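K.L.:
Spelled out, the chains give:
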Amino acid sequence: MQRRAWALAILATGFMAGPASAYMAYVSNEKDNTMSVVDTATMQVVKTVNVGQRPRGITISHDGKHIYLCASDDDSIEVIDTASLEIVDTLPSGPDPELFVLSPDGKTLYVANEDDNLVTVIDIEDKKVLAEIPVGVEPEGMGVSPDGKTMVNTSETTNMAHFIDTTTHEITDNVLVDARPRFIEFTPDGKQAWVSAEIGGTVSVIDNQTREVVHKITFEVAGLRAESIQPVGVRITADGKKAYVALGPANRVAVVNTQTYEVEKYVLVGQRVWQLAFTPDQKTIISTNGVSNDITFIDVETDEPVQSVTVGALPWGVVVSPK
Amino acid sequence: MRDRTLSGPNTEIRSVAVPASRHGTKADARSPLSGFDKICGSAKLITGTLTSRRSDNNRTLAQERVILSMTSAVPGTLAAFLCFFSLTVNVPGALAQEATGGQPAATAKPEKKVTEIKIGYLRAYAPQLALSVLDVPPRDEGVAGGNVAIADNNTTGSFLGQKFSLDVTEVKPDADVVAAFQDMIARGDRYVVADVSAKQLLSIADLARDNGVLIFNAGATDDSLREEQCRANIFHTIPTRSMLADGLAQYLIWKQWRRWVLIYGSHERDQLFAEALRRAAMRFGGEIVGEKLFEDAGTARRTDSGVVQIQRQMPVFTQDLPEHDVLLVADESEVFGTYVPFRTWTPRPVAGTAGLTPSAWHPASEQWGGTQIQNRFAKANGRRMMSKDMAAWTAVRILGEAATRTQGADPRKMADFIRSDDFSIAAFKGQKLTFRKWNQQLRQPIFLGDGRSVVSTSPQEGFLHQVSELDTLGVDEPETKCVLE
Numbered sequence: 081m082q083r084r085a086w087a088l089a090i091l092a093t094g095f096m097a098g099p100a101s102a103y104m105a106y107v108s109n110e111k112d113n114t115m116s117v118v119d120t121a122t123m124q125v126v127k128t129v130n131v132g133q134r135p136r137g138i139t140i141s142h143d144g145k146h147i148y149l150c151a152s153d154d155d156s157i158e159v160i161d162t163a164s165l166e167i168v169d170t171l172p173s174g175p176d177p178e179l180f181v182l183s184p185d186g187k188t189l190y191v192a193n194e195d196d197n198l199v200t201v202i203d204i205e206d207k208k209v210l211a212e213i214p215v216g217v218e219p220e221g222m223g224v225s226p227d228g229k230t231m232v233n234t235s236e237t238t239n240m241a242h243f244i245d246t247t248t249h250e251i252t253d254n255v256l257v258d259a260r261p262r263f264i265e266f267t268p269d270g271k272q273a274w275v276s277a278e279i280g281g282t283v284s285v286i287d288n289q290t291r292e293v294v295h296k297i298t299f300e301v302a303g304l305r306a307e308s309i310q311p312v313g314v315r316i317t318a319d320g321k322k323a324y325v326a327l328g329p330a331n332r333v334a335v336v337n338t339q340t341y342e343v344e345k346y347v348l349v350g351q352r353v354w355q356l357a358f359t360p361d362q363k364t365i366i367s368t369n370g371v372s373n374d375i376t377f378i379d380v381e382t383d384e385p386v387q388s389v390t391v392g393a394l395p396w397g398v399v400v401s402p403k
Numbered sequence: 006m007r008d009r010t011l012s013g014p015n016t017e018i019r020s021v022a023v024p025a026s027r028h029g030t031k032a033d034a035r036s037p038l039s040g041f042d043k044i045c046g047s048a049k050l051i052t053g054t055l056t057s058r059r060s061d062n063n064r065t066l067a068q069e070r071v072i073l074s075m076t077s078a079v080p081g082t083l084a085a086f087l088c089f090f091s092l093t094v095n096v097p098g099a100l101a102q103e104a105t106g107g108q109p110a111a112t113a114k115p116e117k118k119v120t121e122i123k124i125g126y127l128r129a130y131a132p133q134l135a136l137s138v139l140d141v142p143p144r145d146e147g148v149a150g151g152n153v154a155i156a157d158n159n160t161t162g163s164f165l166g167q168k169f170s171l172d173v174t175e176v177k178p179d180a181d182v183v184a185a186f187q188d189m190i191a192r193g194d195r196y197v198v199a200d201v202s203a204k205q206l207l208s209i210a211d212l213a214r215d216n217g218v219l220i221f222n223a224g225a226t227d228d229s230l231r232e233e234q235c236r237a238n239i240f241h242t243i244p245t246r247s248m249l250a251d252g253l254a255q256y257l258i259w260k261q262w263r264r265w266v267l268i269y270g271s272h273e274r275d276q277l278f279a280e281a282l283r284r285a286a287m288r289f290g291g292e293i294v295g296e297k298l299f300e301d302a303g304t305a306r307r308t309d310s311g312v313v314q315i316q317r318q319m320p321v322f323t324q325d326l327p328e329h330d331v332l333l334v335a336d337e338s339e340v341f342g343t344y345v346p347f348r349t350w351t352p353r354p355v356a357g358t359a360g361l362t363p364s365a366w367h368p369a370s371e372q373w374g375g376t377q378i379q380n381r382f383a384k385a386n387g388r389r390m391m392s393k394d395m396a397a398w399t400a401v402r403i404l405g406e407a408a409t410r411t412q413g414a415d416p417r418k419m420a421d422f423i424r425s426d427d428f429s430i431a432a433f434k435g436q437k438l439t440f441r442k443w444n445q446q447l448r449q450p451i452f453l454g455d456g457r458s459v460v461s462t463s464p465q466e467g468f469l470h471q472v473s474e475l476d477t478l479g480v481d482e483p484e485t486k487c488v489l490e
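If you're matching them up, the sequences are chains E and H in order.
Basically our numbering = 1-based index in the first sequence + 80.
Basically our numbering = 1-based index in the second sequence + 5.
Keep in mind the hints are simulated off the structure, nothing from the lab.
Incorrect hints may appear among the rest.
With the Cβ distance kept under 8 Å, some of the chain H side facing chain E (calculated, not the full set) [what the hints assert, rightly or not]:
#1 T160
#2 T161
#3 F164
#4 G374
#5 Q377
#6 N380
#7 T409
#8 S425
#9 S429
#10 A431
#11 K437
#12 E474
Keep in mind that this is a model prediction, so the values were computed, not measured.
Beta carbons: idealized from backbone N, C-alpha and C, even for Gly.
Just chain E, same shape as in the assembly:
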C-alpha cells in the first residue's frame, strides 16, 4: 500500500519537476506544546522542538532565519532560530496571541490579542510595542496588503474586517462579514481581501478600493451537513489564479477559481483542517489537520493529495521556508 502511495506521490509531483525541492515545513502542535520540522522532499518529520504553551500562529522571517511562534498560553511570541532550532528570543505580544502577520518589509509584526480587543503592532528589531489599536470583539485573523500600506484584522464576535492604515495605525473602514471571521488573505495584486467566516460558512471577497464585499463564496459538499463546513485558513497562489480554503470539520480543502469564484474541487485531507501554507516554489500546499494529528501535502498542479504525515498532537499552524 505504502509503495503504491509513493508511486502516486511521485507521479503527482510531476515528471519534469522530479521530487519536490527540499524545504522545511514548521508545524505548531497546539496540544503537546511542540513544533514539528518536516522535510518537504522526503515528507518526514526530521525534528520535534519543545516550545511554549499552546503554540498556534506561526510565521517566518523573510530571510528564513527566524520562526515567530505565538505561544498563546504563555502570552508571548517565541523567536526560534531555524539553524539551531532553539528558542533564541521572545517578543512582547500582549495577552493570548493567536494569529499574526509579518509586514512585507519584515520589520513589523501585527498581532491579534483575542482577550483585549486589541491589535498590537510590534517592532521586531527593537522588540517594542509601537501601537495598540482597539478593534472589535475577539480579534483573530490578521492580513497585510502586499504594498504594506493596509493591515486588516477580523474580529470574531463583532463579525467585521477592520481595515487599518499602517502609517497612522487608525481604522479606516469596517466591513461586515459573516459570523466568526477567522482569517484574511490578500490577493497578490493587493486588489482584494478574502475573509473566511467559520460559523457563517462563507468566504467574503472584499474589494480593497471600495472596501465592499463584492462576492460571497459558499461551499457545499454532498453528504455533509452545512454546519460542518467551517472555513478557516485561506491561501491564494502567487499567480493569483487559485485560492485554497481549509474547511475545518468538513475535512476538506476547497480549491476556488479566483476569476469565477467557483469551487473547482474539494480535496479530502485529514480531520479538522485549520491552516495552509505553500512551499516557496508553489508546487505544494500543506494543510494542518487538527484532529487527525497529521498534515497533508497537496499537489498544486493537480490538486490531488499526495501524502499525509503524522506530526505532533493537534497540529494548528504551518509555515514553510527554504532549507
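Given chain E, put chain H in place with the hints provided.
P.N.:
For chain H alone, coordinates are given in the frame of chain E:
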C-alpha cells in the same frame, strides 16, 4: 405517554439510536467501546508527554488517545489518502450579497449620530438555598451574561454608531409581574430579556404583543412555553427540559448504558424533568427499569449535624431498585439530588440534575473559542459563567446582531431579520445557532458535565436528522403542538 409510538414522516431518522463506531476503528459495532480501552491503553505512553491544558481541537482525552493510537498505528498514515475522493460542486452563480452597510462606516468619529437600543431585563429573584453551597445561584445570575453581551454589542456598535443598554427590573418569584412589565413598556423597552417563571411569562405575553415588544426567554425551560402555550412574540434562548434530557440520553446510549432507574422529586418542576427523561428514554432506546419518588418532607437544606444521616439513608433508599446501568435524578428543587452520587446501594453512575448534568453552558467549556467569552465574563464579573448567563448573553447578542445587520434600531426590521433565513448567531458552541421556525426555540448543542469539566456535548455522533442534527434534541417539527399566530 411512554407507550406512545413515534409517528410521522421522520420516525426512521429521529429514532436512530446506535452510533457508528468511532473514527472507523474496528471496534465491535455492537459495543463501540469494547476495543476502545485496549487502544487507549496502548496510546497511554504517547500521551504521557507535556500537553497544553487547552486547545481549539478539544476532545476528551479518551477520544484523543484513540486518534493518537490510530495515527501511530496506521503505517504511513495513508488513511486520508486512500479514502480520497473528489467532487466538483459548482456553487450557483452570483450569490446574494449581504448588505455590508452601503457605506462602510467611517469608524467611530465623534460627529457620528448614535442610535440607542434599550433592552429591558425582567427577572424573578429571591435568594435560594442549595444542598451544596457551591450550587447557590449567584446574585446576578443571567444579568451578568446580559451585561457582557451589552459590552460586546457596544464594541461593535462603536464602529456603527449604535449604543446598547440594559435595564434590570426585579420581581419576586411568585409575584404579579404585569405592573412591572407595564413600567418597562412605559420607559420605552421594546426588547425584553425575561428570566421569570412560565406562569409569569404567559401573564405578560399578550401585553407585550399589543405593544410590539419582543421577549427573549432566557430562564424558563418549560416545554409548554414552546408547545401548547407558544407565542409569536417570544423567542427562547434557554433550552427546554426535553432538549436537556435528550442531550443526556444520547450520551448514555452512545456509552451503551441503556438500563436506567429514575428517582424524582415531588415538586412540579422535578416531575416535568422526570417526564422529559422518560420521553428521552422512549425516543433513543433507553429503558427505565424502575422509578421512585423522593418526597420533599420540608427538611432543612443545612444542618449542624451534617452528612452523617444522609450517608446511611441514601443507600437504603436506593436499595430496592432493580439492576441498572445508570441512576437518573430529577430534582430541580434541590431537595435530595446532590446527596445521591457516591451514596447509592450499588456502585452506579448518577446523571440528571446531579452527577452528569446536561446544560446550556458549562463554566469550564473552552472549546470553540469559549476561552474568550469565559475570560471576558470572569474579568467583568469575578465568577464563572453559567447556563443562564449564556442564555442572557445570547439573547442580547442576537439583538446586537440584528441591529448590526439591519443597520438600525427599527424593532420591526430587527424582528424580521431574526425570523429570516439569513439569521444565525455564534455562541461558542461549535456551529451557528438558529431559531426553530415552528416555535422560536434556539437550536443549540447541549453540554454534559460534572461539577468540574465538560464530559461531552450532544448531539452525539451518529444521531442523524434530515434538517439539522440539533433537531434530534427536544420536540421536533412533526411533533410540535405549537401554532404561531
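K.L.:
All hints, please: hold or fail.
P.N.:
Okay, the hints, checked on the actual structure:
no. : hint : in the structure
1   : T160 : 5 Å, holds
2   : T161 : 4 Å, holds
3   : F164 : 4 Å, holds
4   : G374 : 6 Å, holds
5   : Q377 : 5 Å, holds
6   : N380 : 5 Å, holds
7   : T409 : 7 Å, holds
8   : S425 : 14 Å, violated
9   : S429 : 6 Å, holds
10  : A431 : 4 Å, holds
11  : K437 : 5 Å, holds
12  : E474 : 7 Å, holds
The structure does not agree with numbered hint 8 stated previously, though it agrees with all others.
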